[in-house]
Each structure stands twice: as structure tokens, then as C-alpha cells.
Amino acid sequence: MRDAPTVLIVDDDPAIRQALTLLFKSAGLASESFASGGQLLAADKPNGPACVLLDLSLPDLDGLEVQQRLHRETPGIPVIFLTGYGDVPVAVQALKYGAIDFFQKPDFDRQNLIQTIRQALIDHQEQLEADAAKRSVQALVGSLSHRELEVARLAAAGHANKVIGMELGISERTVETHRGRAMKKLGLRRAADLIKAEKALEETDA
Amino acid sequence: MEAHGPSASSESEAFGNGSVSALPIIVAQLDDYYRVQFASDGHRAWFGVDPQHQIGRHIREIIGTNAFTRLENRFRTALSGTQTTFHGQVPYAHCGHRFVHSVYTPHALGQEMGTGVQMVVSDLTPYHNLRRQLADETLRSRTIVQHAIDGIVTLNHDGIIQSFNPAAERLFGYTANEAIGNNIAMLMPEPDRHRHDDYIRHYQRTHEPRIIGTGRDVTAMRRDGNPIDIRLAVAEFFLGQEQHFVGFIHDLSSRKRAEREALEARENLAHANRITAMGELAAGLAHEISQPLTAIQATAEACRSMLKEDNPDPTMLADALEQITVQSQRTGSIVRELRDFVRKGSPGQIGRHDPESLVNNVLPLLSHELERAGVRVVYHHETPLCACLINRIQIEQVLVNILRNAIEAMEGHDGERLLQIRSRLRPDGQWCEIDIDDSGPGIPPAHMNRLFDPFFTTKTHGMGQGLAICRSIIERHGGSLKVEPLAMGGTRFRILLPREHRDAEASVDA
Chain A
1 MRDAPTVLIV
11 DDDPAIRQAL
21 TLLFKSAGLA
31 SESFASGGQL
41 LAADKPNGPA
51 CVLLDLSLPD
61 LDGLEVQQRL
71 HRETPGIPVI
81 FLTGYGDVPV
91 AVQALKYGAI
101 DFFQKPDFDR
111 QNLIQTIRQA
121 LIDHQEQLEA
131 DAAKRSVQAL
141 VGSLSHRELE
151 VARLAAAGHA
161 NKVIGMELGI
171 SERTVETHRG
181 RAMKKLGLRR
191 AADLIKAEKA
201 LEETDA
Chain B
1 MEAHGPSASS
11 ESEAFGNGSV
21 SALPIIVAQL
31 DDYYRVQFAS
41 DGHRAWFGVD
51 PQHQIGRHIR
61 EIIGTNAFTR
71 LENRFRTALS
81 GTQTTFHGQV
91 PYAHCGHRFV
101 HSVYTPHALG
111 QEMGTGVQMV
121 VSDLTPYHNL
131 RRQLADETLR
141 SRTIVQHAID
151 GIVTLNHDGI
161 IQSFNPAAER
171 LFGYTANEAI
181 GNNIAMLMPE
191 PDRHRHDDYI
201 RHYQRTHEPR
211 IIGTGRDVTA
221 MRRDGNPIDI
231 RLAVAEFFLG
241 QEQHFVGFIH
251 DLSSRKRAER
261 EALEARENLA
271 HANRITAMGE
281 LAAGLAHEIS
291 QPLTAIQATA
301 EACRSMLKED
311 NPDPTMLADA
321 LEQITVQSQR
331 TGSIVRELRD
341 FVRKGSPGQI
351 GRHDPESLVN
361 NVLPLLSHEL
371 ERAGVRVVYH
381 HETPLCACLI
391 NRIQIEQVLV
401 NILRNAIEAM
411 EGHDGERLLQ
421 IRSRLRPDGQ
431 WCEIDIDDSG
441 PGIPPAHMNR
451 LFDPFFTTKT
461 HGMGQGLAIC
471 RSIIERHGGS
481 LKVEPLAMGG
491 TRFRILLPRE
501 HRDAEASVDA
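Going down the list, the protein sequences come from chains A and B.
Sequential numbering of the first sequence, starting at 1, is according to the UniProt record's numbering.
Sequential numbering of the second sequence, starting at 1, is according to the UniProt record's numbering.
Be a bit skeptical, because a hint or two may be false.
[Said to hold, decoys possible] Under 7 Å between C-beta atoms, here's a sample of chain B residues computed to sit facing chain A:
no., residue
1, Thr294
2, Ala302
3, Met306
4, Ala320
It is worth saying that the hints were derived from the structure and are not from the lab.
Backbone N, C-alpha and C fix where the C-beta goes; we use that ideal spot for every residue, glycine too.
Please take these sequences and the hints and turn them into a complete structure.
Below, the structure written as C-alpha cells:
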């Protein structure tokens, strides 16, 4: 259940929490709500894709601080701000810190908000999948031989077999063999998957 | 002496020099050549010459040529058989000017000596001087009274007007002739008009002064029936045994007008301050209103989506609509609070209020600012509640001003941001006390003294009117506004307002 896409609402005003919960429910989106930044930070986050809808002026921590701590503690969760009048300079700051968007109370476009949240949830979903792929590559990379890792890294960087052979002083055919073996060990099927795994390969010691 | 017949002599003796000399008069008898036949002892005092030595001398030698020239006609008239008098000032030989009353009477000196003149001269100089002083004094007093700016009215012991000066005529619109002889009560509105005779009798009975000796501001009534504010001072005096009163009446209408204008100016300033404060509160209030509007719009949007579904859940829709109602009421109440706050408090809007309800009225206006500054509020109020007779709008304005100052003092201050409000009835039972304590950095001692000065401010924006207005509002309510540093850091503002005593009733005084 916590794998379903979830909107995390943070607002100190119960009326706003209640209204947004109903709005998202009517749009088919699951949501959880929190009365303060502290509550959000302390809560277990859903496993699935999520999006935080954060009120900029909160009683305990201000929205920017919540955003940054969230960023440190649970990287990758997209943040959308709800702001009051006069908060625009702070909202701009929030965008610089990586917020996806901000909406001004009271008369923001609700459909636009829902659309933005859906997109953020999709993006987060993809991000989560990519992270998962990366983690699986990282888990398997230890099983590669030194030469296989060398070949795989160069291939992931987009080099052709011929170039890799010249680089390593081995034949193109040998490159082909090492590459095939590395792909198999890492559970990758397509060349594109290997390119996606480039970062994971670089960051990992053989 | 030849000319001195025995009969004349004995007749002269009849004056009895002893008794005549005791009077402030001199008596002399002259023959038809104006020679002295008899001179009373008074001559010694007047002329420094023994009366016996004047016998036989011409009267001119004694009284001097000047006086003789002035009086010669009278002597002649008397010699011709008609009594005559002189009343006036003459220069007597060595005695300077004398104011005298003289009677010159024909006087038979005896058969062979014919008719002479008897002169009786009263020296009225001391009386005359006294009368002139009196006349001068009267003139001086009358001039003062006639030209005084203040009305001056005298009354007899029954309160009947005896005099009425021109200033009083101008003040009240009656001429002196119209006023004199009437009871002073004609210048008073009810209820004093009917009670004034009693006031006077009360004083005559008890000698307990209520207005005598002290000035008092009262309302009088003009001839046209309009009231007039005056300051009245009354003094008592006696003419013989008879008691009289004098009233001094100072027109206060221009001062009252100035006071009214000053009051209006203060009201306007206070109103402007409320507008400014409202401007400053606007950001917070915009947020306050924005919250329920956001909820309303989101809920309405949700309703619209639900209605598009095949089987909308009626319970959910009803709940949503209820929520919309609740939130729009919330918006309405915020607007109402704002309107109440900014509405011009007229001086007449005095009501019975307790500090607790006032604090509770203003805290919602400040909730956003409190939240934004991260300030925690603790409000203690002691029972029983005490009520004050106050202009609610104005006192709430004072509270908003002071609370906002406290919030600003704590904004950006490290450490705890705690706003403590306490209201209670002081143990003396006379005063309602409201303390507002902040935990900010405190006010620098150099600023303490100037805190309530108009135009003193440490803020980059703002006119520095806030606390000056607060103090004037509280003082107009008979209270006080004080500031003191707190031992633990931070500042305390203490408002004292007089507690309402329902039994207190002004007594009517003379």
C-alpha cells in the first residue's frame, strides 16, 4: 500500500490539510498529511513514489529548512511549495534549492497543481527505478574480473569495441568476449542498459 | 480794650473757650472793620498765635491776604445782615490749604459798636482727604470691574444680583439692568437653578464651603438658553452686618473648544495609527484570510471532481460542503475583527469590559505574526475578572501596538521567544493590571526615557507615534502605561486601568 504514489501534505492549518486531502482523493491520488515539518521529517516515508507539498511558513521550522533537511535525509523526493502572499522571494530561493514549483495561496490553479504533482510522482517513480538499477549493478560489480570491469567502464562511457581494444592493447574480439561476460554478470541485456549503469560502474571499486 | 464791650465780652465768654476748643472748629468775632473781637483757642493750633494776641488785629493779618481776598465778600454779606457760608479749599496763611466749612453770621456787638461778624470755621481737611481717597478707590475698583475680562457679579445674602459687570453682560447676554434684582439662579441650568437657594442656605447654616474659596468648572446658561462652560470662583464679604457674595466668572468656552479640538486631533492621530497598524497587519491578515479561501477552493474543486464520478458519495459531498461553510465563516470572522479594529472609536463608546476579553480579541489578529516570528504565547489571567469602563477599540489598539512591539523585539532574537501576558485585579482592588512581557534582548537604557516621546523610533519604517499614542490613550482612561526591564532579560509593559466601581456616583455640589 505504501508503494502507491503518495502526496505528503505539510501544513499547520487543519482546514488546508483536510481540503487538500479531499482534493487529491477526488483526483485519485493517495495522500498523507503532517501538521509540521518536524512531523514529516520524523515520519517513515513511503517506499513508492512520493511528492511533498510543503507550506512555506510553518510553525516549527520554516519551509526552506524542511526542504533542505528532507533533501539530506531522503534525497530525491520532489518538493512543491504552497506559499502565501509576500513569500515570492523565499519561493524563488526554494526553487534554487531544487523545488519543482510553487503555488500561491489562495487561488492557485488546482488542476495545474494536480498535474504538476502527477508529473513529479512519475519522475520520482523513474528515479526510484534508476536508483534500484544502480543498486543492483553495484551489488554485482564485485563479481567482475579486473579486465571485465575495465572493458565495461569504457563501453559504458560509449566507446566502440575497436577503440577499447586499442586503449587496452587487446584485440577487438577479446573486448567483445569480456564485454559479453560483464553484461551477463551484471544482469544487463541491452547496450543502453550498460550506458545507464555508467555511474554505478565508475563509483564502484572492483 | 475800648472796642471790647463787656456785653460782647460776656457773650463771647458764653462760647466757653474750654468747650469750643475741644471741637475741630475755630470761632472768631470781627467788628465792622474786620478786627478780631474774640478768637477761640483753636487759633493757637491753626495759626500758632495766642488767641489773646489776635484781639484787635485785622483778620487779614491772621488768615493771610489770599484767604481774605477770597472771603471778603462773605464778611461783607454778613455785615449787611445776611448769614452766608463758604465750603471749599482755601490757602490759610501758615497752614497750607485747608478744606473748610465756614458760617458767617451777622453779630450784634452792642449798642455803640453796631454789627460785626461771627465766623465759625470747621476744618474738614482730614474728612475731605478721606473722601477723596474713597472716591479714588471707588473709581479704581469700578474701573477694574468694568473692564475686567471675566464676569464679576455681586449678590446679597438671598442670592439677588446687586451688580453685573460688562463682561458678565457679554457672557450671559443680559444687560446689567435686566440682571440686577434677579436671583442668580437665572444664570444656571437645571438642576442647579432650582437648588441654588438651598446651596446658599446650606452654606449660611453650616459655613461649609463647597465653592467658596475654590474655583470650579461648571456649566452656566446664557439668556438664549445655550449652556456655557465657565470657571466660577466665589468670595464672601460683609457690608455692615449683611453678607454678600461676589462671583468671578471665567469663560471656558474657547478653552473647552481647544480641548475638544485637541481631543479630536488625538482621535485622528490614533485613528491614523490604527490605519498604519492595520497596514502592517495586512500581510498577516492576508495570510489569515488566504488559508480558509485556499481550503474553500480546494474543497469546491474536489466536489466538482466527485460530481463527475458515476456514483458520487453523498456523505462525502455533504461533509465537503459543510467544510466550505465553516471555512467561509472563518473568513467572515477575520474580516469582522479587522473592521472592528479599524473603526474609529468615538469618545462616547465607553463600555464595561474586562481585560481578558480584550486580550482574547486581539490575539487572533496577531496569530500570523506570532507564528511567523516563532513566538510562543502564554496567557495567565486571574479570577475574578475585573471590569473597567473603557473605549474597547482604543484599548485593543494599545494592546495590538504593544504586542506587536514585543513580537518585533523577539524576531530574530536567539533563545526562547516567549510572550507572557498576565491580567489581574491588583490586591488593592482599585486597578486592573495587564502585563506584557517579552523575552527579547531588552530596551537599551539610553532609549528607555524617550520611549514614549512622539516621533521617537528605532525602526527604519514607522513614525514613532505608537507608544506615544498608547500612553495618551491609557492616560485618558485614567490609567498608566509603564515600561521596565525584566531581570531575566526582555521588557515588561504594564498597563493599569482604573477598576470600575459601580457604586461610585458623583455628588452634586454648590
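May I ask you to test the interface hint for alanine 320(B) with respect to chain A, counting a Cβ-Cβ separation under 7 Å as satisfied? At about 6 Å, which falls below the 7 Å cut-off, the nearest Cβ of chain A leaves the hint on alanine 320(B) intact, so it holds.
Does threonine 294(B) hold up as a contact with chain A if the rule is Cβ-Cβ below 7 Å? Hint on threonine 294(B): holds, closest Cβ of chain A at ~4 Å, below 7 Å.
For the restraint on alanine 302(B), tell me whether the closest CB of chain A is nearer than 7 Å. holds, 4 Å
Holds or violated: is the Cβ of methionine 306(B) closer than 7 Å to a Cβ in chain A? holds, 5 Å
Violated hints are absent here; each numbered hint is respected by the structure.
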